[in-house]
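Participant: Each chain, written out:
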Amino acid sequence: MEKITPITGTFLDEISHDIPHQNWGPVEWDQDFQAMKAIGIDTVILIRSGHKRQITYPSKVLIERQGCHRPVVDLVDLFLTLSEKHQMQFYFGTYDSGYYWHRGEFQKEIDLNKAAIEEVWEKYGSRPAFKGWYLTQEVSRRTKGIIDVYATMGRFCKDISGGELSVLISPWMDGMKTPIAASGEIYRQDGITPEEHEKEWDEVMAGIAGAVDIVAFQDGHVDFHELPTYLEINKKLADRHGLRCWTNSETFDRDMPIRFLPIKWEKLWLKLKAAAAVGVEKGITFEFSHFMSPNSAYQQAGHLYNRYREYLAVMEQD
Amino acid sequence: MEKITPITGTFLDEISHDIPHQNWGPVEWDQDFQAMKAIGIDTVILIRSGHKRQITYPSKVLIERQGCHRPVVDLVDLFLTLSEKHQMQFYFGTYDSGYYWHRGEFQKEIDLNKAAIEEVWEKYGSRPAFKGWYLTQEVSRRTKGIIDVYATMGRFCKDISGGELSVLISPWMDGMKTPIAASGEIYRQDGITPEEHEKEWDEVMAGIAGAVDIVAFQDGHVDFHELPTYLEINKKLADRHGLRCWTNSETFDRDMPIRFLPIKWEKLWLKLKAAAAVGVEKGITFEFSHFMSPNSAYQQAGHLYNRYREYLAVMEQD
Amino acid sequence: MEKITPITGTFLDEISHDIPHQNWGPVEWDQDFQAMKAIGIDTVILIRSGHKRQITYPSKVLIERQGCHRPVVDLVDLFLTLSEKHQMQFYFGTYDSGYYWHRGEFQKEIDLNKAAIEEVWEKYGSRPAFKGWYLTQEVSRRTKGIIDVYATMGRFCKDISGGELSVLISPWMDGMKTPIAASGEIYRQDGITPEEHEKEWDEVMAGIAGAVDIVAFQDGHVDFHELPTYLEINKKLADRHGLRCWTNSETFDRDMPIRFLPIKWEKLWLKLKAAAAVGVEKGITFEFSHFMSPNSAYQQAGHLYNRYREYLAVMEQD
Chain A
1 MEKITPITGT FLDEISHDIP HQNWGPVEWD QDFQAMKAIG IDTVILIRSG
51 HKRQITYPSK VLIERQGCHR PVVDLVDLFL TLSEKHQMQF YFGTYDSGYY
101 WHRGEFQKEI DLNKAAIEEV WEKYGSRPAF KGWYLTQEVS RRTKGIIDVY
151 ATMGRFCKDI SGGELSVLIS PWMDGMKTPI AASGEIYRQD GITPEEHEKE
201 WDEVMAGIAG AVDIVAFQDG HVDFHELPTY LEINKKLADR HGLRCWTNSE
251 TFDRDMPIRF LPIKWEKLWL KLKAAAAVGV EKGITFEFSH FMSPNSAYQQ
301 AGHLYNRYRE YLAVMEQD
Chain B
1 MEKITPITGT FLDEISHDIP HQNWGPVEWD QDFQAMKAIG IDTVILIRSG
51 HKRQITYPSK VLIERQGCHR PVVDLVDLFL TLSEKHQMQF YFGTYDSGYY
101 WHRGEFQKEI DLNKAAIEEV WEKYGSRPAF KGWYLTQEVS RRTKGIIDVY
151 ATMGRFCKDI SGGELSVLIS PWMDGMKTPI AASGEIYRQD GITPEEHEKE
201 WDEVMAGIAG AVDIVAFQDG HVDFHELPTY LEINKKLADR HGLRCWTNSE
251 TFDRDMPIRF LPIKWEKLWL KLKAAAAVGV EKGITFEFSH FMSPNSAYQQ
301 AGHLYNRYRE YLAVMEQD
Chain C
1 MEKITPITGT FLDEISHDIP HQNWGPVEWD QDFQAMKAIG IDTVILIRSG
51 HKRQITYPSK VLIERQGCHR PVVDLVDLFL TLSEKHQMQF YFGTYDSGYY
101 WHRGEFQKEI DLNKAAIEEV WEKYGSRPAF KGWYLTQEVS RRTKGIIDVY
151 ATMGRFCKDI SGGELSVLIS PWMDGMKTPI AASGEIYRQD GITPEEHEKE
201 WDEVMAGIAG AVDIVAFQDG HVDFHELPTY LEINKKLADR HGLRCWTNSE
251 TFDRDMPIRF LPIKWEKLWL KLKAAAAVGV EKGITFEFSH FMSPNSAYQQ
301 AGHLYNRYRE YLAVMEQD
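Chains A, B and C are the protein sequences, given in the same order. Under this note's numbering, the first sequence has 157 at position 157, and the numbering climbs by one with no breaks. Under this note's numbering, the second sequence has 283 at position 283, and the numbering climbs by one with no breaks. Under this note's numbering, the third sequence has 160 at position 160, and the numbering climbs by one with no breaks.
Heads up, a few of these hints could be off.
If chains are identical, the list can't say which one is meant, so a pair holds when it fits in one copy or spans any two.
[Stated by the list, open to error] Calculated pairs, EDC-like style, for lysine to aspartate or glutamate (alpha carbon to alpha carbon, straight line, at most 20 Å):
| no. | residue 1 | residue 2 |
| --- | --- | --- |
| 1 | Lys-60 | Glu-232 |
| 2 | Lys-60 | Glu-2 |
| 3 | Lys-52 | Asp-255 |
| 4 | Lys-177 | Glu-195 |
| 5 | Lys-177 | Glu-196 |
| 6 | Lys-177 | Asp-18 |
| 7 | Lys-52 | Glu-226 |
| 8 | Lys-199 | Asp-174 |
If you are wondering where the hints come from, they were derived from the structure by calculation, not from laboratory data.
For reference, chain A alone in the conformation it holds in the complex (with noise of 0.2 Å):
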C-alpha cells in the first residue's frame, strides 16, 4: 500500500469568497468537527475573520473603521468552542479587506490588521483552543510588498501573543489550473515554471523566516504529474530556511466546469501521495466541511470521506 500523507488539518470557510454557504448552526458545526476529529483531524484553521463588509465575529475595529456588518452569531467563540469540546488546535484567519492589499496600500492592510489582532486577542487570547495565526492575503508569486505584509504580521501575532503560537501561510503555486479574471476557460497557457517558483520562493522564505513557522502551500494549480517536482521544491526550501513545510491539499477539483465540487478520490490519493513520497509532515486541506465531509450538502463529499477512509485502514494495517 502506497503511503500517504494523511490529512490532520482543515480550513473553516467563513467567510467564504467562493464557495455556497450551507447554513450550518451550531450543532450541524458539532457534528462536523466530530466527523473530523474521526478521521485524526486535529488543527482547525478559520480562513479569514472577515473580508470587505462580512466579519466572523462582533469586531468593534472592523465595524467602526470598515462599515462591517454585524454578524449574526460569533462565529470565533463557536469554533474555539467546538475546538476545546473536540481538543483541536484552532489557528485564526487575519482580516482581508479586499481592497487595500489590491492596490498596494500595504500598510493600510497591515495597520487594520494590527488593530483587529489586538481586539482578537483581548478577547480570545486566553481561550486553551487559541493556537495559532492564519496570515489570510494569499499570493503566488514574489510580488512587492507582500515579504513586508507576511514579516511584519507574523511578527506581530507571534509578540502579541507571547512566541507561544505558531503562525501559518498557504500560498499557491502559479500553475496551469490559476483562475483568470473574467476567464470560463479552466485552464491557461502560461503557467510558472519549476526554476521561476524556487528562485522566488526562496526570496520570500528567506524574508519571513522567524516571523512565519510554517508554509503549507496549495496542492491545487499545477498538473498532478507536475506536482511531485514542486513539492520537492516546496520541502527544501522550507528546509533551507527553518520552516515546517505542510501541504494544503485541496478537496475540490478544479478540472470541473462546475466551480467547485468535491475532488476525485483518485486524484486526491495522487496527490498526498506525492506530499508523502518527499516527506511532508502534515496534511491540511481546504476545506473538509463542504468538500469531504459526510455532513456536506454536496454528496460525493461524504462518498471521498469513505473512500479516504478506507484507504488510510489498510495503510495503517501495513
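Starting from the structure of chain A, add chains B and C where the hints point.
Facilitator: For chains B and C alone, kept in the frame of chain A given last:
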C-alpha cells in the same frame, strides 16, 4: 432581537430560465406546499405560465400561435389544487415570448398575452385560489414601452377578473450584481445610483398606478450596505403612488461562481432586517422550493429553512 | 399515452471530462447497477478507458507510452464484474489522448489505441460481459481524418474480437447548443442546418459502414422543436447504410448556467417521444449515474428516475 420582514410568499419557478428543475411530481409538490405553510407562507406566484416554447398548461392559444410544446402535466391546475388544499392565494404569471418585447415589439407581446389571459381566465377563473396576476416581464429601468406593457396588461387582467384580483410586478434595482451577458464576472462597475433609480421609478409608478397594485422589487442586485437606501426609496415611491410595497427577498446567492445555490442565512437576514426597518409589510422570495425548502435538492436550503424558523421563533417570543 | 423510446443503455462516465466525480466504491456501483436494471437497462458503455494521463485500468501500454497515472482501482474489471452479476452487456470505450487527434495527428491516435486495444482484449477479452466497443473520439461534422479514425479503429476492434462484438459511435448534431470554447453563453447563432447535417453524415456513414455497427447521436445540441427533423435524417441515413440507429438521449440539462445538472423530465420526454416517432429502436443516455439515478448526488436525478418509471409503467399498461 432585531425585527425582520417575514417571508409569506414565494414564486413557483416553472417554467425556469436558469434554475435546474427538481423533477417533482404532485406528491413532492404537496409536501413542499406543506413546508411553505409551516413557516407562514400564504401566497404562491407562478413566475411565468410559459417561456418561448415551454408552457405550464395545455394552452390552445400558445400551442397554435407560438408552436409551444404540449406539457406533460397541467401545472396551473396542480398549483391551484394545492393552493386550495393549503389555503394559499395563487398568482398567475403571464407568458413571456422571450422574443417580441426584447425586440421592441411590445404590442405583439401584449396581444399574445391578452389572448392567453382570456383563455386562462376561462379555464381557471372560477378556481377559489386564483387571487392575483403577476406580470412576468421584468425590468429594472424606465425603458421604452415598459410602462405601456405594465399598464395595459395590468388593466386587462383586472378588468377580465372583475376588478377583484391584485396585480403584482417584481422589477429589480439595476445595481452592481446585475448579470452581464456573456460574462463570467459576478460584479460590474457601472450600477445605477439611488438618485437615478428614484427618478425613473417615480415616473414608472406614476404611469402604472391603478393598473398595478403591488410592487415587490428584487433585493439582490445591490450590495448589502446599499440596500437600506434603495428600500427606503421604493417604499416612499410606492406610498406616493398608492401602490403596496412588498420586498422580493432573493434566497439564492448572487456572490458565488455557481449560479445559483441557496443564500447564506446571514445575508438573507441582513436584507429582511433592512426591509423591516423601512416598514415593508410583506416579504416574498425567489424562491422557496429550490433555495429555502427542506425538500430542496440543495441541502443548504433545508439548513436555511431551519435557521430562518429558529430566528422567527425567537423574534416572535420577544 | 404517447410512446417513448425506452432508455435501455447508459454510458459510465469514468474518466470524466466535465462531470464531477461521485467517489463511489464497489458497493455504491453495485447499487447503481441494480437501479439501472430495475428500469430495464441492459447495456453499459464505458465512455473512455482513459483521457490524457488518467486511465481506468492499469494499462502497461498507456503508463509507459503516455506517462499515465496508475489508477487506484481497476474500473474495467469492476464494471465487467458488475455487468456479469446484473446480466448486462459491457461496451469498452477507447483511449482519448486529448492531444494527437485534436492536432490532426490521426495516425498516432490510431496506433496508440491499437496497442491499448490489444492489451485490453488480452486482459479482459474472455470476460463474458465484454460485448462491444465504443469509439470514444466524438465528432459532429465530416472533419478531416475522422472517417479514417472510425473505419480503421472499428475494423481493428472487430477483427481482434473475432467479428462477434458490436462497434458503437455517438456523434453529436452541431446545433445551437454546441458549447463554444471560452464562452459563458449557452446558445450560439450559427448551428448547422439539417441539410448540411444530412449531406455530411451521408458521406461519413458511407465511409464507416461495415466497421461501425451502431450510431447513437447525442440529442442535446439542437432545440427541442428541431429534434424530430434531425432524428428522421439520422434514422434514414443509418437505414440506408446498414447501421443500427440508437439515440443517445442526454439526461443533463444544456439550458442552464450550471454545467451540468439533471434535465427536466418534460424535456427528456419530448426527446424520447421524438425518437419513438421515427422508429428509433433503443435509447441510451449520458448518463444514468449522475443524472437519472436514485443514488446520484444530485437529488433531481432520483426524481427524474421516478418520473420516468411512472411514465413507463402507464405506457406499458396501454
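Participant: Each hint: holds or not?
Facilitator: Here is what the structure says about each hint:
Neither within a single protomer nor between protomers do Lys-60 and Glu-232 lie at most 20 Å apart by alpha-carbon distance, with minima of 44 Å and 27 Å respectively. Taking the closest pair of Cα atoms, Lys-60 and Glu-2 come within 20 Å of each other only across two copies (19 Å); inside a single copy the shortest separation is 50 Å, beyond that limit. In this homomeric assembly, Lys-52 and Asp-255 come within 20 Å of each other (Cα to Cα) only across copies, at 13 Å, whereas the closest approach inside a single copy is 28 Å. Proximity of Lys-177 to Glu-195 under the C-alpha cut-off of 20 Å is restricted to the intra-copy arrangement: shortest distance 18 Å within a copy versus 41 Å between copies.
In this assembly of identical chains, the alpha carbons of Lys-177 and Glu-196 lie at most 20 Å apart only when taken from the same copy (17 Å versus 38 Å across copies). In this assembly of identical chains, the alpha carbons of Lys-177 and Asp-18 lie at most 20 Å apart whether taken from the same copy (16 Å) or from different copies (15 Å). For a Cα distance limit of 20 Å, the shortest separation of Lys-52 from Glu-226 across copies, 14 Å, qualifies, whereas the shortest one inside one copy, 35 Å, does not. For the homomeric pair Lys-199 and Asp-174, the shortest alpha-carbon distance inside one copy (13 Å) is at most 20 Å, but the shortest distance between copies (47 Å) is not.
The structure fails to meet hint 1 from the earlier list, while all remaining hints are met.
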